[in-house]
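Read top to bottom, the protein sequences are chains A and B.
Count the first sequence with this note's numbering and you get residues 81 to 459, in order.
Count the second sequence with this note's numbering and you get residues 81 to 459, in order.
Treat the hints as calculated values from the structure; they're not laboratory data.
Hints should not be assumed to be uniformly reliable.
It does not matter which identical chain is meant; a pair holds if it fits inside one copy or across any two.
What the hints assert, rightly or not - List time: in silico DSSO-like cross-link candidates among lysine-lysine, alpha-carbon distance up to 27 angstroms:
1. 430 / 455
2. 455 / 311
3. 430 / 326
4. 136 / 311
5. 217 / 136
6. 374 / 217
7. 136 / 430
8. 428 / 326
9. 455 / 226
10. 217 / 455
11. 136 / 367
12. 311 / 430
13. 374 / 136
14. 205 / 428
15. 136 / 428
16. 136 / 455
17. 326 / 217
Protein chains: 2
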Amino acid sequence: MSAIPTPNLSAYPELDTPARLLFGPGPSMVHPRVTRAMTVPVVGYMDPLFLDILTKTADLLRYTFQTENRLTLTVSGTGTAGMEAAIANLVEPGDSVLAFAKGYFGLRLAEMARRYGGNVETITKTWGEAFAPHEIKAALDRRPAKVVTIVHAETSTGVCQPLDEIARIVHDQGGLLIVDAVTSLGGVPLKVDELGIDVCYSGTQKCLGCPPGLGLITVSPRAEEKLNARKSAVPNFFLDLALLQKYWGSERVYHHTASMPMHYGFYEGLRMVVEEGLENRWARHRKNAETLWKGLADLDLTLHVPHDIRLVTLTTVRIPDGVDEAQIRQRLMQDYNIEIGAGLGDLKGKVWRIGLMGYSSREENVLLLLAALEKLLHK
Amino acid sequence: MSAIPTPNLSAYPELDTPARLLFGPGPSMVHPRVTRAMTVPVVGYMDPLFLDILTKTADLLRYTFQTENRLTLTVSGTGTAGMEAAIANLVEPGDSVLAFAKGYFGLRLAEMARRYGGNVETITKTWGEAFAPHEIKAALDRRPAKVVTIVHAETSTGVCQPLDEIARIVHDQGGLLIVDAVTSLGGVPLKVDELGIDVCYSGTQKCLGCPPGLGLITVSPRAEEKLNARKSAVPNFFLDLALLQKYWGSERVYHHTASMPMHYGFYEGLRMVVEEGLENRWARHRKNAETLWKGLADLDLTLHVPHDIRLVTLTTVRIPDGVDEAQIRQRLMQDYNIEIGAGLGDLKGKVWRIGLMGYSSREENVLLLLAALEKLLHK
């Protein structure tokens, strides 16, 4: 077999990507302070200075999740790795699982639970609606489940699932509740302990002003009991929470080499959550979303989700009749360096997805986006 | 349940870690060009500019692995995620697996294969030795295996496993060969196609001058056939290579949000591999290792591994009688900002582990390390 030739470097030039305005479903724009923190020199994964950063990160993450859960940490990966960590650890082969799916990510939870051997039933709903507590209860009365999954902020539809009462219903029949908070954590009111959520996961790249690269997860004592009572090892070694906790906790047993730049950036991002205050942050996301919604209505555009369950961090806008949705997105990018998202799954070709998350959620961004849309749609 | 109080920011100060000299088992030091590349603005995961970077990365990674394998990509995670991707995809429940383990990471491969339902037998060897081809053949003659695992550069022992003939032996009895190249790729001669390796994985943070954050993997057409013939879905959704290839390949189907800063940095790191040339890079790692070894001998220190199978990227040094090994490591860090590694597993307390990888492998680093060791050991 012949040797592989050396590539010609002229075909692989230095990076030169422009500063896009990211108003899609994520990643959102990275705060400059986070980018700067990522350039802090890399140290070893057992360096006391780095271990101290991990401990502080867990503290600040507990505040952000509004939880006292001991088992609160990050996984090396992205929000999807957080989802996988939740399922891989909580679902044992044969466990009955009820997946409430009202969009793409709800279905993905069901798919993952099946892969880990769960006995999964999926309850679906039209993309753009939310589940009512009595629907959750009726489904569980009919078919009890050890694990129930639901998405708080469904990135594919722009729906914010109300979470009141759900954990109580799930607990009353002996199950555990897993909640996907990828597109809500830090942008939408979410209090893990008050809501009684057992496992909640998220990512860094949506409402926290950081780049993608870490999954975030918190696990209640009740869910920890299930982990401790597992009959089989977690098939997924890389995301085995018991092994990860031995590194994050006082034992400091090596598991894998953490990504220092990602941790540096995320720590800075969490510091900024504390500086702003969670309530203020939630209010900022709502205020900018309301400005966007009013502006879109003024452009005669129709929002896909009713106001009471509409997600402030991601808005789905119906494509007007006669408009080439892909062309508008292309022109936004070419003419103004603006990214918005296409529809996904059932809503493909039917909506645009506009995200205002983290550092992207600023009034000047809303004004620019509305002005650009007006030019392209009403020229 | 009461609300979680806002942390006091004074307990969570801005990052202030010093620029350590990283001569441990990894991470190694990050090249400044890589750090700078990581600050390039984040764009969307479907942005044509980003997809182009992925395509170019796969090209440069093929050169680095010395392979023409179509299925060559990165996973979001670290080297351990690369290991997990190899096992999760290649080992189906009931598959017979032979794991040749001469150190910590060889044992970890066996552990992962068991978790994915493999029928695993582990052939062990004293930590500090390598397997001979006739030993591999004898084990396979006794117990054929669909999957054989072996570590090229065993980070726990400092042994470089010769790989000639092994793939042929494995193929002759119908199996596939998985090789761990975490501590060798880019630092030690390794030609995946010429050696006939079926699955090879590595990480960014050892010999490639990048921070941790991506796992690297390449899969031969022969191994792809096994993937395509799987009877069950890969349990691990996040690391399912078929789904990842649909994003990396021409279909561009969303799987998860890639970490742009990690990809930016890695692309720059790979460009530097091409600039230097693989052969020159291998020669640099050897030259600096030989300088280190001579200097350590001059300090009356004994190396744990014989010269013919000694790894140039990671050297294990026996702790001299009467020396407090932890105290020396602490003083190196406190007095000179130098990190070296402790022994792991069977070699805990018996050796130091000195890494000279990627950007850490420079002559000035060797001189400084030797001078510091001389001061501490022969004061």
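Okay, the hints, checked on the actual structure:
{"no.": "1", "hint": "430 / 455", "result": "within (21 angstroms within a copy, 71 angstroms between copies)"}
{"no.": "2", "hint": "455 / 311", "result": "neither (61 angstroms within a copy, 53 angstroms between copies)"}
{"no.": "3", "hint": "430 / 326", "result": "between (47 angstroms within a copy, 24 angstroms between copies)"}
{"no.": "4", "hint": "136 / 311", "result": "neither (33 angstroms within a copy, 45 angstroms between copies)"}
{"no.": "5", "hint": "217 / 136", "result": "neither (39 angstroms within a copy, 51 angstroms between copies)"}
{"no.": "6", "hint": "374 / 217", "result": "neither (36 angstroms within a copy, 73 angstroms between copies)"}
{"no.": "7", "hint": "136 / 430", "result": "neither (44 angstroms within a copy, 33 angstroms between copies)"}
{"no.": "8", "hint": "428 / 326", "result": "between (43 angstroms within a copy, 18 angstroms between copies)"}
{"no.": "9", "hint": "455 / 226", "result": "neither (52 angstroms within a copy, 61 angstroms between copies)"}
{"no.": "10", "hint": "217 / 455", "result": "neither (48 angstroms within a copy, 71 angstroms between copies)"}
{"no.": "11", "hint": "136 / 367", "result": "neither (30 angstroms within a copy, 41 angstroms between copies)"}
{"no.": "12", "hint": "311 / 430", "result": "neither (46 angstroms within a copy, 36 angstroms between copies)"}
{"no.": "13", "hint": "374 / 136", "result": "neither (40 angstroms within a copy, 43 angstroms between copies)"}
{"no.": "14", "hint": "205 / 428", "result": "within (16 angstroms within a copy, 56 angstroms between copies)"}
{"no.": "15", "hint": "136 / 428", "result": "neither (41 angstroms within a copy, 29 angstroms between copies)"}
{"no.": "16", "hint": "136 / 455", "result": "neither (47 angstroms within a copy, 36 angstroms between copies)"}
{"no.": "17", "hint": "326 / 217", "result": "neither (37 angstroms within a copy, 38 angstroms between copies)"}
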